[in-house]
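Visitor: Next come the chains, spelled out residue by residue.
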Amino acid sequence: MQSGTSLVPDARGEVQLATFPLGDLWLGIDIRRVHEINRNLQVTRVPHAPRAVRGVINLRGEVVTVLELGPLLGVKSAVPSSVQRNVIVTWAGEQVGLVVDGIADVLSVAVDDIATVPEHLAGREANCFHGVHQFDGGLITVLDVGQALELATRPALSGTH
Amino acid sequence: MSLPEPDEIVSSFVEESLDHLSAVEQQLMDIETHGGDIELINTVFRAVHSTKGTAGFLGFHKIGGLAHAIEHVLDLQRNQDLAPSTESTTALLAATDRLRELLRDISHSNDADIDGHVRALEALVEGPDFQAAAAHCETDSAPARGASEPSPRASAGPETSLRVSLRTLDRLMSLAGELVLSRNQLLQVVEQCEAVKLGPVSARIDQVTSELQEAIMQSRMQPLANVFGKFSRVVRDLSSQLGKQCHLSVEGKDVELDKTIIEAIGDPLTHLIRNALDHGIEAPAVRTAKGKPAKGTIRLNAAHRAGQVCISICDDGAGIDAARVKRKALEQGVFSAEQLAAMSERDALRLIFHPGLSTAEKVSDVSGRGVGMDVVKTNIERLGGSVELETQLGQGTKILVTLPLTLAIVPSLLVRLGNERFAVPQAAIGELVRIRATDMLSRVNRIQGAEVLRLRGDLLPLVRLRSALESAGAGTTDAACPAPELHIVVVVSGSLRYGLVVDGLLDSEEIVLKPLGRHLKDCPGLAGATVLGDGCVALILDVGSLAALAQMKPRAEATSDHVEAHSRSQSDDAHSALLFRNGSDEWFAVPMSLVCRVERIGAESIDHVGGKELLQYRGRTLPLISLHEHIRAKPRPHLPRLHVIVFETGGREVGLVVPELVDIRHLDSDVDATTFREPGVAGSVVVDGHVVRLINLFELCELSLPEYKETLPAAVSAGGRAARILLAEDSAFFRKQVAAFLESHGYDVVPCEDGSVAWESLTAAAASFDLVVTDIEMPRLNGFELCRRIRDDARWSSLPVIALTSLAGQEDLDRGREAGLDDHQVKMDRDRLLASVARFLSSGRGVPAATTARSTSAKAR
Numbered sequence: 001m002q003s004g005t006s007l008v009p010d011a012r013g014e015v016q017l018a019t020f021p022l023g024d025l026w027l028g029i030d031i032r033r034v035h036e037i038n039r040n041l042q043v044t045r046v047p048h049a050p051r052a053v054r055g056v057i058n059l060r061g062e063v064v065t066v067l068e069l070g071p072l073l074g075v076k077s078a079v080p081s082s083v084q085r086n087v088i089v090t091w092a093g094e095q096v097g098l099v100v101d102g103i104a105d106v107l108s109v110a111v112d113d114i115a116t117v118p119e120h121l122a123g124r125e126a127n128c129f130h131g132v133h134q135f136d137g138g139l140i141t142v143l144d145v146g147q148a149l150e151l152a153t154r155p156a157l158s159g160t161h
Numbered sequence: 001m002s003l004p005e006p007d008e009i010v011s012s013f014v015e016e017s018l019d020h021l022s023a024v025e026q027q028l029m030d031i032e033t034h035g036g037d038i039e040l041i042n043t044v045f046r047a048v049h050s051t052k053g054t055a056g057f058l059g060f061h062k063i064g065g066l067a068h069a070i071e072h073v074l075d076l077q078r079n080q081d082l083a084p085s086t087e088s089t090t091a092l093l094a095a096t097d098r099l100r101e102l103l104r105d106i107s108h109s110n111d112a113d114i115d116g117h118v119r120a121l122e123a124l125v126e127g128p129d130f131q132a133a134a135a136h137c138e139t140d141s142a143p144a145r146g147a148s149e150p151s152p153r154a155s156a157g158p159e160t161s162l163r164v165s166l167r168t169l170d171r172l173m174s175l176a177g178e179l180v181l182s183r184n185q186l187l188q189v190v191e192q193c194e195a196v197k198l199g200p201v202s203a204r205i206d207q208v209t210s211e212l213q214e215a216i217m218q219s220r221m222q223p224l225a226n227v228f229g230k231f232s233r234v235v236r237d238l239s240s241q242l243g244k245q246c247h248l249s250v251e252g253k254d255v256e257l258d259k260t261i262i263e264a265i266g267d268p269l270t271h272l273i274r275n276a277l278d279h280g281i282e283a284p285a286v287r288t289a290k291g292k293p294a295k296g297t298i299r300l301n302a303a304h305r306a307g308q309v310c311i312s313i314c315d316d317g318a319g320i321d322a323a324r325v326k327r328k329a330l331e332q333g334v335f336s337a338e339q340l341a342a343m344s345e346r347d348a349l350r351l352i353f354h355p356g357l358s359t360a361e362k363v364s365d366v367s368g369r370g371v372g373m374d375v376v377k378t379n380i381e382r383l384g385g386s387v388e389l390e391t392q393l394g395q396g397t398k399i400l401v402t403l404p405l406t407l408a409i410v411p412s413l414l415v416r417l418g419n420e421r422f423a424v425p426q427a428a429i430g431e432l433v434r435i436r437a438t439d440m441l442s443r444v445n446r447i448q449g450a451e452v453l454r455l456r457g458d459l460l461p462l463v464r465l466r467s468a469l470e471s472a473g474a475g476t477t478d479a480a481c482p483a484p485e486l487h488i489v490v491v492v493s494g495s496l497r498y499g500l501v502v503d504g505l506l507d508s509e510e511i512v513l514k515p516l517g518r519h520l521k522d523c524p525g526l527a528g529a530t531v532l533g534d535g536c537v538a539l540i541l542d543v544g545s546l547a548a549l550a551q552m553k554p555r556a557e558a559t560s561d562h563v564e565a566h567s568r569s570q571s572d573d574a575h576s577a578l579l580f581r582n583g584s585d586e587w588f589a590v591p592m593s594l595v596c597r598v599e600r601i602g603a604e605s606i607d608h609v610g611g612k613e614l615l616q617y618r619g620r621t622l623p624l625i626s627l628h629e630h631i632r633a634k635p636r637p638h639l640p641r642l643h644v645i646v647f648e649t650g651g652r653e654v655g656l657v658v659p660e661l662v663d664i665r666h667l668d669s670d671v672d673a674t675t676f677r678e679p680g681v682a683g684s685v686v687v688d689g690h691v692v693r694l695i696n697l698f699e700l701c702e703l704s705l706p707e708y709k710e711t712l713p714a715a716v717s718a719g720g721r722a723a724r725i726l727l728a729e730d731s732a733f734f735r736k737q738v739a740a741f742l743e744s745h746g747y748d749v750v751p752c753e754d755g756s757v758a759w760e761s762l763t764a765a766a767a768s769f770d771l772v773v774t775d776i777e778m779p780r781l782n783g784f785e786l787c788r789r790i791r792d793d794a795r796w797s798s799l800p801v802i803a804l805t806s807l808a809g810q811e812d813l814d815r816g817r818e819a820g821l822d823d824h825q826v827k828m829d830r831d832r833l834l835a836s837v838a839r840f841l842s843s844g845r846g847v848p849a850a851t852t853a854r855s856t857s858a859k860a861r
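Chains as they are written, first to last, in the working numbering: chain A, 1 to 161; chain B, 1 to 861.
Hints may be right or wrong, so weigh each one.
Said to hold, decoys possible - Here are some, though not all, of the chain A residues that point toward chain B, as calculated from beta-carbon distances under 10 Å:
no., residue
1, LEU41
2, GLN42
3, THR44
4, PRO47
5, ALA49
6, PRO50
7, ILE57
8, ASN58
9, VAL63
10, GLN95
Derived from the structure by calculation, the hints contain no laboratory data.
Given the structure is predicted, the values throughout are model-derived calculations rather than measurements.
Backbone N, C-alpha and C define an ideal beta-carbon position, used for all residues, glycine too.
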């Protein structure tokens, strides 16, 4: 199954990216996928869950799975949990929370300016990314939410906690 | 007025036509069996005709064409120009199936191929070359049907609309109105900061909410007829395909279940029915040779039982040969020869639920479709149900499916593990046990590395929730910090029964089941999640897969000194009783067999109405009884929380308020029936140095709620005089008890102290009895023997014999049936015994006793 999603630009050929710090990455997520960002990280641990799952939370009456993006993408995250944020994305009709290290700006980026994933990222589950965007402030890695969530269903996911 | 959108017209046409056609299948089959019932043919004709009319108007010419061909045949039939036959019914059924397919995929209907069906129908009309045409039709339509196969499958998915009765809707509306009023009241009270008034308002909202919940659930309930309806067709088609003859009898179509369950249960049940027909029912020649009627019977029965729905599928076929199942398991390398040799027959039969084991000698296209019994079992268990199997070689097989009424709301017990809370569905809970540190050594043992609990003489395997939920090697160990006491939830899942060890027991709550997300779908041990009152998420445990995690095997194997355990549980006079204390120094007990359940309530939730105590409980009113108001007991102390022992009398539930629960214990029958005897107290025993008074719940209930007595079955007289009952019971205490309540209900009772005295009384020339009630375990002549003697004598062939037991196990029931016992009843369960006595006296022997006997044993579990 092709679970990845493609980046669909708007009329001006741009996508809006909500950006987040995560370890040494600057992560961009297509803003249309982001449902909300909150600090609701009081998770209930789920025994025998895949490693990337931190737990489940109550999001206004619904039980939502919260994923740890760090181990999923091979990134070491070391910020205290008080700084962390929970990005609720919608994918395949289900809401899922992604833990990131804080929030940054929303940027408009031309789809043509998003390049393929460079060599030094290739080892890190490269197919979880749509590509990278060079920016005067640095390098934004654009997350393919569908691929990342698909990867997280694998129970034996290895990675560093 | 604007015209409706074309799409709307089309979809309402589809809905309406499918609705019209839904009954046609059964009607066509009825026409086949009952010959040309003109009125019935007319009904089918009208349904097809109205479909044809609208289809033509909307331009769906293929649908119109097919409907026309069907209609033409029906027209001839109703004018009696063509007699309904198996052939015509087969063609009409196939054509109406196709018509429904076309309707479901309406947008492509004009490109569909209907020629095969039309030709087959035309051939019927023309007559002679029907056979050829029919054969033609089979080959012709096969690719077309094959191609359209996925589409009905897809559309058979969850329906999005639902018919709700107006009455339910009106009730919802009025409840919603009431809720709004209560909300307004609440807002007002909050605004005025009148804390005193909050109580009544919250009570009202509480009640309206539970009623609303119930009404909404009701709207989701659908009769099983929706599923059962299609089975007569399945049986008809399959038996002709297999060259067998079979009749399907269906009972309990009106039993209602939640829509989700109704939808999910169709496939597993179809599989079970096909199995019964394919593997169970023999070919007519084989049956006749065995002296059975050529036509087999499959009985499909649904009934409510203890808050669940039981569906049984019985066939009178060949039964399952345990030896053959073992042979298959060996051939397919699933088990070793040693393992199989050690396996009991019952366990061997259970192997058919094992993945990768098919016992069909040849794989037919009927049951060799890659769906095994293991899938059926998994699917039913996923719905929170269970499957049980009973079989008798040469006599038939019975499969019992138990299902919850709804999936949405699960009454559950919350348990604690560390700081985390988990929910255990009440339906899976047998009882709760607490083991004090001082009892730990004597009651918890290790057998082959596995922990077991000694529970009333039985050995119960234990599963530590902590280790079941932790992956290997992780986390804390229990051995490091021995808990001061052990909290055990005894859970039952299918044939599995074990004790789940948790850190603590919290409240019971009705929780709303929420599914877990896709990432957690495969987590073993969990059935879902729920949001608790404080907003936290708690996980719901799946006791079946938890046992698998702990690598537990089904019963019998796990309890190796089962024999010892069994001999004790058979000691008939040991009765399990619930011990409680009223205040500090007064001890009481009630027989466990009468306890429906125990609730923990806040003292403030007891209402006082007209001098009586009541509890508003799940939308109903539960009358409460307090001991000190009726017997010599001290008033109960003022405690913030109390227990209510809920029991049933005269078909209604009553609660006994109990300040402090102590334990569940076996009491022997050494009862002092004089010292403390008073109405409501049956006698006393000594337990651990305390005098424990045995409460007679029924007497107590009569004292407290005299009006309840009238609902009991009236005594049945025999030919103008009081019916005479012979009572054999060796324990003086029980003999007195049972005789007293039988006598108080107008029977003439002759008590005897054992089986042989009873036999003498029975054979004494002058005596004539209408019924025998006997204990099982008695000196000199036991109940089984007594019954056998009665059955062996022609004079008493029609004399009903009811056995009294403490707790009847399945084996006892089987043994009893062999001996010729008509029914089993629990000793202290006055209501059921009276009902059973009345039933046998009024309708004699031969009334199936299965229902009462089974419900007794279910309760005993």
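Visitor: Against this structure, judge whether each hint is valid.
Guide: Right, here's what the structure says about each hint:
Because the beta carbon of A/LEU41 sits about 13 Å from the nearest beta carbon in chain B, more than 10 Å, this interface hint is broken. At a threshold of 10 Å, the smallest CB-CB gap from A/GLN42 to chain B is about 7 Å, leaving the interface hint in force. Evaluation of the A/THR44 hint against chain B yields a held restraint, the C-beta minimum of about 4 Å falling below 10 Å. The closest approach between the C-beta of A/PRO47 and any C-beta of chain B is roughly 4 Å, which is under the 10 Å cut-off, so the hint is satisfied.
This hint holds: A/ALA49 has a C-beta 6 Å from the nearest C-beta of chain B, less than the 10 Å allowed. Nearest Cβ of chain B to the Cβ of A/PRO50: about 6 Å, under the 10 Å cut. The hint holds. Restraint check, A/ILE57 versus chain B: the minimum CB separation of about 6 Å is within 10 Å; hint holds. At about 5 Å, the closest approach between the beta carbon of A/ASN58 and any beta carbon in chain B falls short of 10 Å, and the interface hint on this residue holds.
For A/VAL63, the suggested interface contact is upheld, since its CB lies about 4 Å from the closest CB of chain B, less than 10 Å. Checking A/GLN95 against chain B by beta carbon gives a least distance of about 8 Å; that is within 10 Å, so the hint holds.
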